[in-house]
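K.L.:
Sequence lines, in order, name chains A and B. According to this note's numbering, the first sequence is numbered sequentially starting from 318. According to this note's numbering, the second sequence is numbered sequentially starting from 49.
Hints in this document: simulated from the structure, not taken from any laboratory. A portion of the hints provided could be inaccurate.
[Unchecked claim] Lysine-lysine pairs mimicking DSSO-like chemistry, simulated, CA-CA at most 30 angstroms apart:
no., chain 1, residue 1, chain 2, residue 2
1, B, Lys124, B, Lys320
2, B, Lys320, A, Lys380
3, B, Lys207, A, Lys338
4, B, Lys163, A, Lys338
5, B, Lys207, B, Lys163
6, B, Lys320, A, Lys365
7, B, Lys409, B, Lys266
8, A, Lys365, B, Lys309
9, B, Lys124, A, Lys380
10, A, Lys380, B, Lys409
11, B, Lys309, B, Lys163
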Amino acid sequence: MLGVFFLVFSFDITESFIQDKHDPGPRYLPMILGCLLLLGGGSSAIAKLLAKRKRQSLRIDPKAVMIFVFTALYILALPFLGFHISTAMFAIFSMLCLGVSPRTSIISAAVVIISVHYIFLVLFSISFSS
Amino acid sequence: MVFGVFVGSTPGLTATMAVALIIPFSFQLEKEAALAMVIGVSFTAIFAGDIPATFLRIPGTPASAAATLDGHELAKQGKGKEVLLLNLLCSAGGGMLGVLLLVLIAPSMAKFALKFGSFEYFWLCVVGLLLGVSVSSGKRIELGILAAVMGFLFALVGKDPLTNQDRFIFGYTDLSNGLSFIPAMIGLFGISEVLRSVASANDSKKTGISTGSFNLFKTIRRIVGNIPTFLQSVGTGTVVGALPGAGADIAAWGAYGVSEKATRSAVPEFGKGNWKGVVAPTSANNAAVAAAWIPALVFGVPGDAVTAIVLGAFLVYDITPGDELFTSGGADFIFAIAFVTQLILIPAGILGILLFSQFTKLPKAIVLTAVVVFSVVGAYAMHNTMVDVWVMFGFGVLGLILERQRIPLAPLILGMILGPKIEEFLRRGLIASRGDFGAAFESGIDLAFVSVLGVMLIFAVIRRFSNRRTDNEKRTEY
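So that you can see chain A by itself, here it is in the shape it has in the complex (with noise of 0.2 angstroms):
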């Protein structure tokens, strides 16, 4: 699939004005790089197909899933919520999903929120919307 993303996209990029001839140019690599994520990945395919493996259950960790969401939520409300709410919720849920009492869960988050806070924010100058 992402042999096949690169090699399209790559005819929609335009040459440049300013390129030396001799140059061959911005899309050339990413044609070439292209057809042969394409041929590599189309031919494991098929080498797996043809290999009549007993397939591997995809077994989905639900704890994983939770992670999974929680994480990209985490990074959604960032902007919007800030570092220290964000965090703190995350931190929190993501403990409580993992099995971790309420309170340790809540002490876990603050210490963590206070450590990234200062080494990040206070020590490096980094700001995060708060």
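Once you have looked at the hints, place chain B on chain A.
P.N.:
Okay, now just chain B, sitting in the frame of chain A:
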């Protein structure tokens, strides 16, 4: 130096950042103390990147990415502290030897490095990429090449370096600067590891990493047993580090590759907890930091980003690179600081390992949550933009998918690091030679690299066929 350990071991904060951050503080000090501070941080941060790479599989700096392979595997076997003590001693030893080589061969090495034109750099990067791919892919080299191509393509997102044309940004200007390599690395190794750990966790009590204990005598015996690997890696690190633009990350992968090639029938295999796989990258990356000073001090051409920043600071202190620096004795002072730094690195490093190992003793749920928060903030810290955070998250998911398909992650990172350099040097070479690719085979250095490539190809084919034969034999036995 403690600052260097701290920044280096924090994912998202690189050695370059550590040096950049310490320079404003150094202006408050006397010239000598300020120089010591800046040089000390540059060496320490490179080692410190190995600490989270070993314990958590999250490289602290790009130069530590190779340490996630064997180092982390051994840490999972309860040998984390042992690995890091070996890392520390090899880093300090590699740095010391690197400084000695710097003193002895600085002028001649720098002159050799200047013989490298665009095509020589092109071949160097191609050899480096294929060497890294062949080493980190194990028996399935085709999957490694696939991952490297993928990484190469991701690295092409953003502005074309030669013509400034946009590629794959779809009008989204935040992507003009490309997909940042550090967030991608944090995502691939850190977030994917978190998701995998959660999925595989039967108990939420432990991190799965037993840090083990320090054993100095055992570590020294291990170093003595791996002296050839150590020396070979220091040599590789010095040569690569002396080439402007190559850097400690390429040196680490190069040394890892050379070491794997030089080891016959390694048990356990490289990438599965081989001690040589620990010694090689860590010895090379600190040696490369020292070697990066060769072109910097002789010609004022920095070997990597860290040296470029320090060189800028030198100019503030009225230290001008060139012949005069060597005749006035100024270079001797810099060499002395760099050498002493390696000795102080040992206690500072031990402190860092002890502090970081406490972190891994916390319950797994807390560690995993903290890793996600640090990864998010670390990715954001690169350019203060949310795009990097999404890149990190996207690569985390990609890492999980690729690992499920048994596609190795390290070649993807190598493709991202070396891909843009390969493209740039190739195109610059073609422009300089008026479109004649035959010029890429003219110099002795070119031919040497092409010969190495040829030998690698032959070995790869032989290895592939011998693996297939072994597999078939195993199948017939059953």
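K.L.:
So, for every hint listed, does it hold in this structure?
P.N.:
Verification of the hints:
no.: 1; hint: Lys124/B / Lys320/B; verdict: holds (11 angstroms)
no.: 2; hint: Lys320/B / Lys380/A; verdict: holds (28 angstroms)
no.: 3; hint: Lys207/B / Lys338/A; verdict: holds (19 angstroms)
no.: 4; hint: Lys163/B / Lys338/A; verdict: holds (26 angstroms)
no.: 5; hint: Lys207/B / Lys163/B; verdict: holds (29 angstroms)
no.: 6; hint: Lys320/B / Lys365/A; verdict: holds (24 angstroms)
no.: 7; hint: Lys409/B / Lys266/B; verdict: holds (24 angstroms)
no.: 8; hint: Lys365/A / Lys309/B; verdict: holds (29 angstroms)
no.: 9; hint: Lys124/B / Lys380/A; verdict: holds (22 angstroms)
no.: 10; hint: Lys380/A / Lys409/B; verdict: holds (22 angstroms)
no.: 11; hint: Lys309/B / Lys163/B; verdict: holds (27 angstroms)
Violated hints are absent here; each numbered hint is respected by the structure.
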